[in-house]
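Going down the list, the sequences are from chains A, B and C. Going by this note's numbering, the first sequence opens with residue 12, and the numbers climb by one from there. Going by this note's numbering, the second sequence opens with residue 2, and the numbers climb by one from there. Going by this note's numbering, the third sequence opens with residue 98, and the numbers climb by one from there.
Since the hints were derived computationally from the structure, they do not count as laboratory data. Please note that a few of the clues may not be correct.
[What the hints assert, rightly or not] Derived DSBU-like pairs (lysine-lysine); straight-line CA-CA distance at most 35 angstroms:
#1 C:Lys363 - A:Lys194
#2 C:Lys363 - A:Lys190
#3 C:Lys363 - A:Lys248
#4 A:Lys183 - C:Lys363
#5 C:Lys184 - A:Lys162
#6 C:Lys363 - A:Lys170
#7 A:Lys221 - C:Lys184
Chain by chain, the residues run as shown.
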Amino acid sequence: MRLFKNLVAAALLLPAIALAQTPIKVGIANDLSGPFAALGAEARDGFNLAIKQLGNKLGGQPAEFIQTDMGGNPDQARQLVTRYIQRDKIDFFTGPIGSNVALAVGPALFAAKVPYLSNNPGPSQFAGAQCNDYWFGVSYQNDAFHEAAGKVAADRGFKKMVILAPDYPAGKDALNGFKRGYKLAPNQEVYTKLGQIDYAAELAQIRDAKPDAIYIFLPGGMGINFVKQFVSAGLNKSVKLVGPGFSADEDVIQAVGEPLIGMFNTAQWAHDLDNAQNKKFVEAFRKEYNNRYPAVYAAQAYDTIMAIDAAVKATGGKVADREAVIAALKKADFSSVRGSFKYGVNNFPIQALYVRVVEKGADGRITNKLVGKVFDSYQDVYVGECKK
Amino acid sequence: MMKRLSHSLLPLGCLLLLVLFPLVAPVFDLGFYVSFVRRVLIYALVASSLNFILGYGGMVALGHAAFFGAGAYVVAILSAQGYGQALVVWPLAMLVAGTLALLIGAISLRTRGVYFIMITLAFAQMVFYLFISLRQYGGEDGINLSAPSTLPALNLGNDTQFYYLVLGIVAASLWLMHCMVNSRFGRALQGIRENETRMQALGYPVLRIKLVAFVFAGALAGLAGALLANHNLFVSPSLMHWTASANLIIMVIVGGIGLRFGGVVGAAVMLLLEEFLRLYTEYWHLPLGVLLLIIVLFAPRGVAGVFLRRTT
Amino acid sequence: MSGTLIAEQLLNGLQFGLMLFLIAAGLTLVFGILDILNVAHGSLYMAGAYVAAQTMQVTGSFAAAVLMAAVITGLVGLVLELVLVRKLVVRDHLAQVLGTFAVILIANDVVKMIWGPAPIMMNMPSALSGPVRLSSDFLYPAYRLLIIAVGLAVALGLYLFVTRTRAGVLVRAGASNRQMATLMGVRVPLLFMGVFVLGAVLAAVAGALLGPITAIQAGMGEQILILVLVCIVIGGIGSIRGAFVGALLVGFVDTAGRAFLPTLLKLFFSPAVASSVGPTLAAIAIYILMAVVLVFRPAGLFPARG
Chain A
12 MRLFKNLVAA
22 ALLLPAIALA
32 QTPIKVGIAN
42 DLSGPFAALG
52 AEARDGFNLA
62 IKQLGNKLGG
72 QPAEFIQTDM
82 GGNPDQARQL
92 VTRYIQRDKI
102 DFFTGPIGSN
112 VALAVGPALF
122 AAKVPYLSNN
132 PGPSQFAGAQ
142 CNDYWFGVSY
152 QNDAFHEAAG
162 KVAADRGFKK
172 MVILAPDYPA
182 GKDALNGFKR
192 GYKLAPNQEV
202 YTKLGQIDYA
212 AELAQIRDAK
222 PDAIYIFLPG
232 GMGINFVKQF
242 VSAGLNKSVK
252 LVGPGFSADE
262 DVIQAVGEPL
272 IGMFNTAQWA
282 HDLDNAQNKK
292 FVEAFRKEYN
302 NRYPAVYAAQ
312 AYDTIMAIDA
322 AVKATGGKVA
332 DREAVIAALK
342 KADFSSVRGS
352 FKYGVNNFPI
362 QALYVRVVEK
372 GADGRITNKL
382 VGKVFDSYQD
392 VYVGECKK
Chain B
2 MMKRLSHSLL
12 PLGCLLLLVL
22 FPLVAPVFDL
32 GFYVSFVRRV
42 LIYALVASSL
52 NFILGYGGMV
62 ALGHAAFFGA
72 GAYVVAILSA
82 QGYGQALVVW
92 PLAMLVAGTL
102 ALLIGAISLR
112 TRGVYFIMIT
122 LAFAQMVFYL
132 FISLRQYGGE
142 DGINLSAPST
152 LPALNLGNDT
162 QFYYLVLGIV
172 AASLWLMHCM
182 VNSRFGRALQ
192 GIRENETRMQ
202 ALGYPVLRIK
212 LVAFVFAGAL
222 AGLAGALLAN
232 HNLFVSPSLM
242 HWTASANLII
252 MVIVGGIGLR
262 FGGVVGAAVM
272 LLLEEFLRLY
282 TEYWHLPLGV
292 LLLIIVLFAP
302 RGVAGVFLRR
312 TT
Chain C
98 MSGTLIAEQL
108 LNGLQFGLML
118 FLIAAGLTLV
128 FGILDILNVA
138 HGSLYMAGAY
148 VAAQTMQVTG
158 SFAAAVLMAA
168 VITGLVGLVL
178 ELVLVRKLVV
188 RDHLAQVLGT
198 FAVILIANDV
208 VKMIWGPAPI
218 MMNMPSALSG
228 PVRLSSDFLY
238 PAYRLLIIAV
248 GLAVALGLYL
258 FVTRTRAGVL
268 VRAGASNRQM
278 ATLMGVRVPL
288 LFMGVFVLGA
298 VLAAVAGALL
308 GPITAIQAGM
318 GEQILILVLV
328 CIVIGGIGSI
338 RGAFVGALLV
348 GFVDTAGRAF
358 LPTLLKLFFS
368 PAVASSVGPT
378 LAAIAIYILM
388 AVVLVFRPAG
398 LFPARG
């Protein structure tokens, strides 16, 4: 009789065990072969470090991290996300580096009730009118670094400025964000060609204008080209260089080297930020990856996985209950490497923003040093348009 | 007689498979692939339209993606303004793409050889940069469509119904192209590809014939674009970048240039390869490059050409 | 708009044009003599940049970097010619474009496998890392003056080679009539090999020279290839003189477009319109130039053949 009762109990428990054994699936769309390949590689290193530390588990449950390269192409990313949703039946999504991809894949994920945690882009559309409960801008809102840089420029007394960005919507947004923080009117606003190689013409204009400083938003190879040419023109002696964190992080330092020294840049994190979680993260990263410092993309990717881990833990592994999952995600109840932060009503972070400067450390290594705080708790300007 | 039968047996067999696929797929848990095959069909259409002017007309157009993108953008922009009826919007997409082809063709077709390649490339780049800088139409971020186009009898939001519509449209277009190729017009076009000077001497209106073919191909590419906009529910300028045009040419070459199903086979091979190579390595451009080399050096008639040799 | 600014922009246009000429010269030479459109020329340029950067990192000598880039890329060019180009020369243009495009795909991944996807660093030679004073208030980067000097030297050198040396005469013979040249006893395969390697060396030197002021990463060849193709199409394929004129035209039009168009537009239109239309027009200015040239001269300005 006892045996029979035990067998029945076991049989009743079996489905529960089977259910519990289904791994939690995280779909990651990597950016490894397109225009943001270097940044995507950094992010992937951040993801992998977190996944390794968690032992391939989330909230203690077995988890599967499906990583595929979509080359920064919105069309490919769309295909990939359809596959992730329909065939792999993912529970969480993250990965893309560019805003255009985020905007392309967001709606499909929201409709399928799959939480999309962004490890980099924070498009203003998702902060304002198109805000959604299934979106989590874990990293920042796109304007944040630019607005902070504007305030830095104003605080440092740069009265005359020339600002540059490529001629596309993200570039225009960047300069608008900067102007909002700067509050003065810049002397000149220059728009370059997307993918431009030679900046001699623009540099001549800058030399002619004789500004106190220039602000550049030139992502990827464009920024590298520009800074090298800027220094070669001797302009760095008379004009200060200001940029958002992504124009001066480890990947750019790697490619440019000494000419980048002295550049002020803004971000929500620096690798020498003084908190326990960050210290552990940087140490582990340097150990895992050949003693190099993490860039902001790796830090954000790491945070994203940790955020998912915390939410899964909070819901006891019941990720099928999406309402509970997004409620848990919203609490942002995990130790972030940037210190604690909370989400605004549009699921974008309200967090501190810092200014860093590129300099040569005591060990001869060129890297970013934290200089100061620009905002204590910055919130994006689009939150008012989000009606939830 | 046997040759004829085996010639049409293979394509008919494939068509039958394609018709049955959505019904069979859920049984093998391949439901997701209905959407994938639909995408292959859409690219088969645009690749075939390129094959028409490239394979049969000898025009190496390195800007064909511009017409593809134009058709897609017409649907997306009108959808954003609230106009979604397919019966109105899709023909409009073809009209816009065809008109663009008329404008570009009128200037480009006066040049020959590598100059033609370059000038079509230049125009495609112009269109690309134009769309990137247009803020109100999404710029580099592109436009999301909130809903697919509407048709009186079908629901395009339903995966399978849309699949059959696409299959029908693509099959009909291929049949139309087949008729055009075998018509007097088509034979004149092929004659121009063989020897333009001779055709001119014989009194054929060479420029006009080429232009008509160019516009026809452009309009078909626009239709494919409209279908893609509905498939992805998203359009972006990357659809029109010169590398997209280069990919289309590669599809046609890999499939079999100037062969009836060159575009179809090419689209299928390339998209399948991309999908599966990507799962295994991040360095998937390398095997793709090697394949292209092999085809160019050893199988110039493409994959379909290999089949042709087998059956004849 | 001061006189110094205009002078500086003119010098910039010249420099950009000569930069493009360095790459265009090799491409048009190969196209003119071998009649093959080698789109992998951009990959040879990329190889030159990578080898130069690596050499610079190891030895710290700029001269060594340029030399190594030329030698190694020359060897790569030689292998490419023997293995692939020879087979493509007899094929049509489309097959050539595709065959060499395949080389681009392979080269980009190989470079990523060796050096990773992130751009790598090449330091500027410290002697040339600052500006030179050309007049009381006119400073110009020394390094760009070097590029102008090298560009002009290469142009002069190629001109002398093609017109004054025996080998150059053979090259011109091979370009205008291959069959006749063979009949006259010219060893055409050897000639082709030599020209292709020369083209590769020119591309490599361009890559090494531009390394310190551009981003060295996979795909850098394709970015500049488009501009270079526009140069040789405008100038006329196969003609070095055409490549020179085409490159200078493109250099000036592009620089002038970026430098003066927005300001010019502001005179006639509102600043909002000027700042949105200006950059777009400047971006497509060179394509418009090419289209205009082709309408009036469908074979370019100085076609080599015919």
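- Task: Return the numbers of the hints above that this structure violates; sort them in rising order.
- Result: Result: hints 5 and 7 break, sorted rising.
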